[in-house]
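Here the protein sequences come in this chain order: A and B. Taken in order, the first sequence gives residues 1 to 319; the numbers are from the working numbering. Taken in order, the second sequence gives residues 1 to 293; the numbers are from the working numbering.
These are calculated hints, taken from the structure and not from any lab test. Check the hints yourself; a few may be wrong.
Interface residues of chain A toward chain B, partial, derived using beta-carbon atoms under 8 Å [to be verified]:
1. Leu26
2. Gly110
3. Val111
4. Tyr130
5. Leu150
6. Leu252
7. Ala286
8. Met288
9. Leu289
No farther apart than 25 Å at their CA atoms in a straight line, the calculated lysine to any residue pairs in the SDA-like style are these [to be verified]:
10. A:Lys304 / B:Arg93
11. A:Lys304 / B:Leu94
12. A:Lys304 / B:Pro98
13. A:Lys304 / B:Leu89
14. B:Lys168 / B:Tyr142
15. B:Lys146 / B:Arg36
16. A:Lys304 / B:Phe186
17. A:Lys304 / B:Ala100
18. B:Lys146 / B:Gln217
19. B:Lys146 / B:Ile258
20. B:Lys146 / B:Asp225
21. A:Lys304 / A:Arg7
22. A:Lys304 / B:Arg36
23. A:Lys304 / B:Tyr96
24. A:Lys304 / B:Arg88
Okay, the calculated bits of chain A under chain B, using three or more residues with CB under 8 Å as the criterion [what the hints assert, rightly or not]:
25. 98-109
26. 180-191
Ideal Cβ positions, reconstructed from N, Cα and C, are used throughout, including at glycine.
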Amino acid sequence: MKGVNARALWLHLAVLAGFFALNFLLPEYHRGIFSRVMVLAVFALGYNVAFGYTGLLSLGHAMFFSAGLYGAGLTIYHLDWGVWPAFGAGLVAGVALAVVVGFLALRTTGVAFMIVTLMFAQVFYLTTLYFTTYTRGEEGLVLPQASRVLPLPGVEVSLTDPAARYMTALALLAIVLLALLVLVRSSFGRALVAIRENEERMRMLGYDVFTNKLAAVAVSGLACAAAGAAYAVLFGYVGSGFASIQYSILPLLWVLLGGAATTLGPIIGTLFMFYVVDTTSSYTSAYMLVVGLALILLVLYFPKGIVGTVRERWLPWLP
Amino acid sequence: MAFGPYFLLATLEGLVMAAVLALMALGLSLVFGVMRVVNVAHGEFYMLGAVLAWWFASLVSGHPAAGFLLALIASPLVVAAIAFLAERLVLRRLNYEPEATIVATIGILYIIQQLALTFYGPEARPVQAPFDMRIQLPWFGYSAYKLAVIAASVLLMFATWLVLTRTKTGLIMRATQSDRETAQAFAIPVDRVYAGVFAAGAGLAALAAVLIVPIQQAHYLMGQDPLLLSFIVVIIGGLGSLRGTLVAALLIGLSDGIISMFFSPTLAKMLATLLVALVLVFRPQGLFGAAAR
Chain A
1 MKGVNARALW
11 LHLAVLAGFF
21 ALNFLLPEYH
31 RGIFSRVMVL
41 AVFALGYNVA
51 FGYTGLLSLG
61 HAMFFSAGLY
71 GAGLTIYHLD
81 WGVWPAFGAG
91 LVAGVALAVV
101 VGFLALRTTG
111 VAFMIVTLMF
121 AQVFYLTTLY
131 FTTYTRGEEG
141 LVLPQASRVL
151 PLPGVEVSLT
161 DPAARYMTAL
171 ALLAIVLLAL
181 LVLVRSSFGR
191 ALVAIRENEE
201 RMRMLGYDVF
211 TNKLAAVAVS
221 GLACAAAGAA
231 YAVLFGYVGS
241 GFASIQYSIL
251 PLLWVLLGGA
261 ATTLGPIIGT
271 LFMFYVVDTT
281 SSYTSAYMLV
291 VGLALILLVL
301 YFPKGIVGTV
311 RERWLPWLP
Chain B
1 MAFGPYFLLA
11 TLEGLVMAAV
21 LALMALGLSL
31 VFGVMRVVNV
41 AHGEFYMLGA
51 VLAWWFASLV
61 SGHPAAGFLL
71 ALIASPLVVA
81 AIAFLAERLV
91 LRRLNYEPEA
101 TIVATIGILY
111 IIQQLALTFY
121 GPEARPVQAP
131 FDMRIQLPWF
141 GYSAYKLAVI
151 AASVLLMFAT
161 WLVLTRTKTG
171 LIMRATQSDR
181 ETAQAFAIPV
191 DRVYAGVFAA
201 GAGLAALAAV
211 LIVPIQQAHY
221 LMGQDPLLLS
231 FIVVIIGGLG
241 SLRGTLVAAL
251 LIGLSDGIIS
261 MFFSPTLAKM
271 LATLLVALVL
281 VFRPQGLFGA
291 AAR
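Isolated chain A (complex conformation):
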């Protein structure tokens, strides 16, 4: 892999191997949580491409996640599609939406970009409520177990089996993580960081800033849609809740906590936050309080996040 240094590559492979080993070590309850966290970490990784690397603070990424979710879920539920074509439909829906929204929203910058993405996501959310005949709105659809079978060469894997679910989530995480590792070290990834740091200078150097940003939003939308589509087929539930504003804010929180513009940060942030919420919700139902406090304390005292701080202090080679 050109541009990726060997240490970084080994570190990422070691992290993935660690996740692989955990499948056999974790008790059942935690294995279930880890499967969910890995899928949501892909969502966070996708968000990080736009927010961390390109500096686009979007408050609308729930729409890309739920475009993947509904793209896969509705085709399975209403059209009886298989898992592969439905997953593909989710990806196409997510990328198409990302390109359209990106094309419009990227005409604005800063605060206006944030508000515009928030509003487009709100329109998407209301759309899922409006077509409640097909989506069943907040209540959502439960995909039949029989349809959640992944045909692989030679075998048919039922995604309702916990081990199969864990491994599928891990496979998705591995593909997305390694692809992003290559991407951020490529000239495209470096151009994105340069745009984040100084857009005017990049324009003066002859880069097409708009096209680069649009490509970043498309890649980001693709990863988020992949997470959404995988969530639909793995956990068999599709509902409007995933399109709500809350699911635009959560990836922001995960990325901030783990470290913006780091490849491993979003995974650590998602895992950490998931367990914080899980642990606190056994003592109190006040989980929004935890999220709120975490957001404020992070921006106040820990703006670089976990991996960002590690990179700054000890390991400057971390991608």
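Since the structure of chain A is provided, determine the placement of chain B on it from the hints.
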């Protein structure tokens, strides 16, 4: 009923909505105009105003007007104090850096919402209107309180305009808005102005909430829709323009009232949100604002 009465009713309901929206959007617009801070927690200050109004009103027994009056005075003050604290403890330390403040106000939103849920609960509770009277209109009787809300909002808007354009406080605020550094060089305590403006903005939202709470019950999630709507109003009106805010609030309030009377409210909200997003994309200075400097 024929079209006429429906239309009159929709217009009146729209006007009440516009009155409340204008006050709330005014607060948002002040905060953004002077401080350049996008306050995502603005809707929660509104909700807090309504919830506190219920609490204050429940303290007073006797004539409902007494409880309402106490709420009208005390609730905005308490909310302003909370906003003042949030500004001192969080926003100031972030140096008003735009993206960090957005994340921080999202955090404040969650905290306030959770505290309201924990201490106030998930129920919707009403506050009794200070007076119960109906005014006979051509086709039907209409609540005099709702008309009073419209009048109160107009008065408050006028008072804000007076403060902004005719007093020294207003002059200081406008100076800070147009150029923070020069204002500081002229010995204006910019730091204190910011804290005051943030508190005043939250107070306006709370005031709007106290006015609406006899019509619409207090609920811990009631801040979300008005937040989005007041963003819409502020954007269409042009950020920091008082006249624009007023016109846009009328436009949005009336059209929302009329559209949701005749069509599905979800569809109305969808179309309005999409329209505004497109306005922001193609005309970022708003319909009435001047081009950005």
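Tested hints:
1. At a threshold of 8 Å, the smallest CB-CB gap from leucine 26 of chain A to chain B is about 30 Å, leaving the interface hint violated.
2. A cut of 8 Å between beta carbons decides the hint on glycine 110 of chain A: the least distance to chain B is about 6 Å, and the hint holds.
3. A hinted interface residue such as valine 111 of chain A counts as satisfied when its beta carbon comes closer than 8 Å to some beta carbon of chain B; here the least separation is about 5 Å, so the hint holds.
4. Taken as an interface hint, tyrosine 130 of chain A checks out: its beta carbon lies about 5 Å from the nearest beta carbon of chain B, inside 8 Å.
5. Hint status for leucine 150 of chain A relative to chain B: violated, with the closest Cβ pair at about 35 Å, above 8 Å.
6. Using the Cβ-Cβ criterion of 8 Å, the hint placing leucine 252 of chain A at the interface with chain B is satisfied: the shortest such distance is roughly 7 Å.
7. Taken as an interface hint, alanine 286 of chain A checks out: its beta carbon lies about 5 Å from the nearest beta carbon of chain B, inside 8 Å.
8. Because the smallest distance between the Cβ of methionine 288 of chain A and any Cβ of chain B comes to about 4 Å, under 8 Å, the interface hint for this residue holds.
9. Evaluation of the leucine 289 of chain A hint against chain B yields a held restraint, the C-beta minimum of about 4 Å falling below 8 Å.
10. Only pairs whose Cα atoms come within 25 Å are accepted, and lysine 304 of chain A paired with arginine 93 of chain B is accepted, the gap being roughly 16 Å.
11. Simply put, lysine 304 of chain A and leucine 94 of chain B have alpha-carbon atoms about 14 Å apart, close enough for the 25 Å limit, and the pair holds.
12. Note on lysine 304 of chain A and proline 98 of chain B: the hinted pairing holds, with a Cα-Cα distance of about 16 Å set against a maximum of 25 Å.
13. A hinted pair counts as satisfied when its Cα atoms are at most 25 Å apart, and lysine 304 of chain A with leucine 89 of chain B qualifies at roughly 20 Å.
14. For the suggested pair lysine 168 of chain B and tyrosine 142 of chain B, the alpha carbons sit about 41 Å apart, so the restraint of at most 25 Å is broken.
15. Of the supplied pair hints, the one linking lysine 146 of chain B and arginine 36 of chain B is violated, its CA atoms being roughly 34 Å apart against a limit of 25 Å.
16. This hinted pair does not check out: lysine 304 of chain A and phenylalanine 186 of chain B have alpha carbons roughly 36 Å apart, beyond 25 Å.
17. Note on lysine 304 of chain A and alanine 100 of chain B: the hinted pairing holds, with a Cα-Cα distance of about 12 Å set against a maximum of 25 Å.
18. About 14 Å separates the Cα atoms of lysine 146 of chain B and glutamine 217 of chain B, which keeps this hinted pair within 25 Å; it holds.
19. At most 25 Å may separate the alpha-carbon atoms for a hinted pair to count; lysine 146 of chain B and isoleucine 258 of chain B meet this at roughly 17 Å.
20. Among the hinted pairs, lysine 146 of chain B with aspartate 225 of chain B is consistent with the structure: their alpha-carbon atoms are about 20 Å apart, no more than 25 Å.
21. Note on lysine 304 of chain A and arginine 7 of chain A: the hinted pairing holds, with a Cα-Cα distance of about 22 Å set against a maximum of 25 Å.
22. A hinted pair counts as satisfied when its Cα atoms are at most 25 Å apart, and lysine 304 of chain A with arginine 36 of chain B qualifies at roughly 23 Å.
23. Proposed proximity of lysine 304 of chain A and tyrosine 96 of chain B is supported: the alpha carbons are some 17 Å apart, at most 25 Å.
24. Only pairs whose Cα atoms come within 25 Å are accepted, and lysine 304 of chain A paired with arginine 88 of chain B is accepted, the gap being roughly 23 Å.
25. Counting residues of the segment 98-109 of chain A whose beta carbon lies closer than 8 Å to any beta carbon of chain B gives 4, which reaches the threshold of three, so the coverage claim holds.
26. Counting residues of the segment 180-191 of chain A whose C-beta sits closer than 8 Å to any C-beta of chain B gives 0, which falls short of three, so the coverage hint is violated.
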